[in-house]
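These protein sequence lines map, in sequence, to chains F and Z.
Heads up, the final residue of the first sequence is numbered 214 in our numbering, and it's a clean run with no missing numbers.
Heads up, the final residue of the second sequence is numbered 468 in our numbering, and it's a clean run with no missing numbers.
No wet-lab data here; the hints were simulated from the structure.
Careful: at least some of the hints might be erroneous.
To be verified - The calculated SDA-like cross-link candidates involving lysine to any residue, where the alpha carbons are at most 25 angstroms apart (straight line), are:
id, chain 1, residue 1, chain 2, residue 2
1, F, K212, Z, R354
2, F, K212, Z, C307
3, F, K87, F, G177
4, F, K212, Z, S359
5, Z, K285, Z, N237
Stated by the list, open to error - Examples of chain F residues toward chain Z, derived with CB under 7 angstroms:
id, residue
6, A52
7, L53
8, A123
Stated by the list, open to error - Beta-carbon label-pair distances, calculated as ranges:
id, chain 1, residue 1, chain 2, residue 2, range
9, F, E119, Z, E395, 24 to 34 angstroms
10, Z, T392, F, A194, 51 to 61 angstroms
11, F, V63, Z, G344, 50 to 60 angstroms
In this text, a Cβ means the ideal position worked out from N, Cα and C, and glycines have one as well.
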Amino acid sequence: MTPQMTTWSFFADHRAEILGATLDHLALVVIAMIIAILIGVPLGMFIVQRPALRAIALGIASVFQTIPSLALFGFLIPIPFIGGIGKRTAIVALVLYALLPILRNTYVGLTGIDPAVLEAAEAMGMTRAQILFRVRFPLALAVILAGIRTATIITIGVATIAAAIGAGGLGTFIFRGVALVSDALILAGAIPAALLALLADFLLGLLERRLKVS
Amino acid sequence: MNTKPPLSPIKTIEFRDVSFHINVIPSRVIVSGISLEILHGETIVLLGRSGSGKTTLLRLMNGMLFPSEGKVLVQGRSTAAWDPIRLRRGMGCLFPHFTVAENVALIPTLENWDASRTAARIQEMLQLVGLDPREFAHRRPRELSGGQRQRVGVARALAADPPILLMDEPFGALDPVTRAELQREFSTLAHRLGKTIVLVTHDLREALLLASRIVLLEAGRIIASATPQEFLRLDHPEVRAFASSLAIAPGAPV
Numbered sequence: 001m002t003p004q005m006t007t008w009s010f011f012a013d014h015r016a017e018i019l020g021a022t023l024d025h026l027a028l029v030v031i032a033m034i035i036a037i038l039i040g041v042p043l044g045m046f047i048v049q050r051p052a053l054r055a056i057a058l059g060i061a062s063v064f065q066t067i068p069s070l071a072l073f074g075f076l077i078p079i080p081f082i083g084g085i086g087k088r089t090a091i092v093a094l095v096l097y098a099l100l101p102i103l104r105n106t107y108v109g110l111t112g113i114d115p116a117v118l119e120a121a122e123a124m125g126m127t128r129a130q131i132l133f134r135v136r137f138p139l140a141l142a143v144i145l146a147g148i149r150t151a152t153i154i155t156i157g158v159a160t161i162a163a164a165i166g167a168g169g170l171g172t173f174i175f176r177g178v179a180l181v182s183d184a185l186i187l188a189g190a191i192p193a194a195l196l197a198l199l200a201d202f203l204l205g206l207l208e209r210r211l212k213v214s
Numbered sequence: 215m216n217t218k219p220p221l222s223p224i225k226t227i228e229f230r231d232v233s234f235h236i237n238v239i240p241s242r243v244i245v246s247g248i249s250l251e252i253l254h255g256e257t258i259v260l261l262g263r264s265g266s267g268k269t270t271l272l273r274l275m276n277g278m279l280f281p282s283e284g285k286v287l288v289q290g291r292s293t294a295a296w297d298p299i300r301l302r303r304g305m306g307c308l309f310p311h312f313t314v315a316e317n318v319a320l321i322p323t324l325e326n327w328d329a330s331r332t333a334a335r336i337q338e339m340l341q342l343v344g345l346d347p348r349e350f351a352h353r354r355p356r357e358l359s360g361g362q363r364q365r366v367g368v369a370r371a372l373a374a375d376p377p378i379l380l381m382d383e384p385f386g387a388l389d390p391v392t393r394a395e396l397q398r399e400f401s402t403l404a405h406r407l408g409k410t411i412v413l414v415t416h417d418l419r420e421a422l423l424l425a426s427r428i429v430l431l432e433a434g435r436i437i438a439s440a441t442p443q444e445f446l447r448l449d450h451p452e453v454r455a456f457a458s459s460l461a462i463a464p465g466a467p468v
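Modelling step: build the complete structure from the supplied sequences, incorporating the hints.
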């Protein structure tokens with residue numbers, strides 16, 4: 001049998017398993033992204049009002065991004081409550097990774113508004129909160145979404161490594177494939193992960209274009 | 215809905231020996247020695263070159279800036295004592311993410327008008343500035359021409375029926391034909407509404423057409439205050455400089 005054929009037959013034989021792992025993977029990503037958005041977007045809005053905190057918040061978020069993902073998973077294991085083996089630890093790490101693009105794009109989007117528009121808002125007698133929620137936020141939405149899109153794609157990739165700490169998902173096939181030197185196993189993890197990333201990129205890109213206000 | 219015309223002229227806005235400087239080192243004086251009374255119903259045009267302090271005066275009136283020295287009184291009260299939000303409600307560019315109707319409804323919405331009153335007001339204001347509500351209400355600013363945007367801007371400024379209208383180069387960035395058309399319409403509108411209007415421009419033609427009084431600024435000081443008829447007869451180099459800008463070709467008679 002050629003290697004292609006073994007890969008094909010492996011895919012055919014393990015359809016249900018691959019699908020299950022893909023759904024597990026997706027669940028990890030979706031949960032992590034929801035948490036990262038719930039932290040990153042409000043934090044971004046907060047640091048716009050408080051420039052003193054901006055450097056600190058963006059700095060901390062950048063530091064997490066520089067830690068190699070495998071090391072970050074490792075660091076989290078001994079930490080009580082958020083650490084340990086399994087999905088919870090993986091989600092914490094994924095959130096930390098996703099935070100920077102979301103936080104940075106939220107900040108850049110909110111501060112990159114045409115000054116004439118902000119001045120008009122002030123001249124109309126809007127309060128700071130009204131300017132933030134009715135002017136800055138809607139105009140920044142496309143940029144914020146671009147950050148979420150980047151973060152989602154990073155998270156889909158990094159989540160494969162989460163299998164190393166027992167979080168499940170498509171990484172399970174990849175790690176097993178590396179251990180058994182089996183291309184078919186590696187591809188069974190890598191191909192669905194790549195397809196997920198492409199699909200997420202496409203769908204979020206559509207949404208982003210719809211939200212863009214020129 | 216209009217405020218009743220007062221029996222005797224009242225000072226709507228008053229500058230008492232106002233100066234404003236920015237506290238950098240060395241401190242930069244933007245305007246100084248400004249004393250000015252604006253009466254109810256007047257249309258004051260602040261005329262001057264770029265950087266002469268026109269916009270600063272406008273911002274001192276709406277409480278976006280406060281005088282370094284002296285006092286600015288609006289309806290008899292110092293701007294420092296006003297709720298800044300009450301003073302504003304002015305002009306400015308449209309919000310790109312709002313439709314025309316939402317832009318016009320902005321101040322009524324901020325003031326919590328009920329929906330039916332706001333909706334009626336949108337119709338009324340758009341008709342007032344010559345835009346068919348059925349055609350324009352749901353468009354976004356990017357789907358309007360420059361002149362239509364300015365009309366919406368005027369409609370928005372008038373929506374909450376403010377007693378004072380502050381306008382910073384409202385007809386800037388328009389082609390000369392549309393500009394003249396809008397200026398004429400605005401002049402008629404201003405007379406009809408009987409509001410106190412302060413308008414900033416560097417275009418003498420606009421000042422002559424719209425003003426009941428022209429206030430000329432140079433380097434942060436008021437150098438002339440005159441009706442359009444008197445203005446061109448003033449003997450001052452800056453007045454002559456502006457007057458010569460009316461000439462179609464260099465050297466042509468003014």
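Here's how the hints hold up against the structure:
1. Taking the CA atoms of K212 of chain F and R354 of chain Z, the gap is about 13 angstroms. The hint holds against a cut of 25 angstroms.
2. Between K212 of chain F and C307 of chain Z the alpha-carbon distance is near 19 angstroms, which keeps this suggested pair within the 25 angstroms criterion.
3. For the suggested pair K87 of chain F and G177 of chain F, the alpha carbons sit about 21 angstroms apart, so the restraint of at most 25 angstroms is met.
4. A threshold of 25 angstroms between alpha carbons decides the hint, and for K212 of chain F with S359 of chain Z the separation of about 20 angstroms falls inside it, so the pair holds.
5. Restraint check for K285 of chain Z and N237 of chain Z: the C-alpha separation of about 18 angstroms stays at or below 25 angstroms, so the hint holds.
6. Checking A52 of chain F against chain Z: minimum C-beta separation of about 21 angstroms lies over 7 angstroms; hint violated.
7. At its closest, the beta carbon of L53 of chain F sits 25 angstroms from a beta carbon of chain Z; the interface hint therefore is violated under the 7 angstroms criterion.
8. Proximity of A123 of chain F to chain Z holds as hinted, the smallest CB-CB distance being about 4 angstroms (cut-off 7 angstroms).
9. At roughly 27 angstroms, the beta carbons of E119 of chain F and E395 of chain Z sit within the given window of 24 to 34 angstroms.
10. Between T392 of chain Z and A194 of chain F the Cβ separation comes to about 54 angstroms, which falls inside the hinted range of 51 to 61 angstroms.
11. Our hint of 50 to 60 angstroms for V63 of chain F and G344 of chain Z holds, since their Cβ atoms are close to 58 angstroms apart.
Hint check: violations occur at hints 6 and 7; the rest are consistent with the structure.
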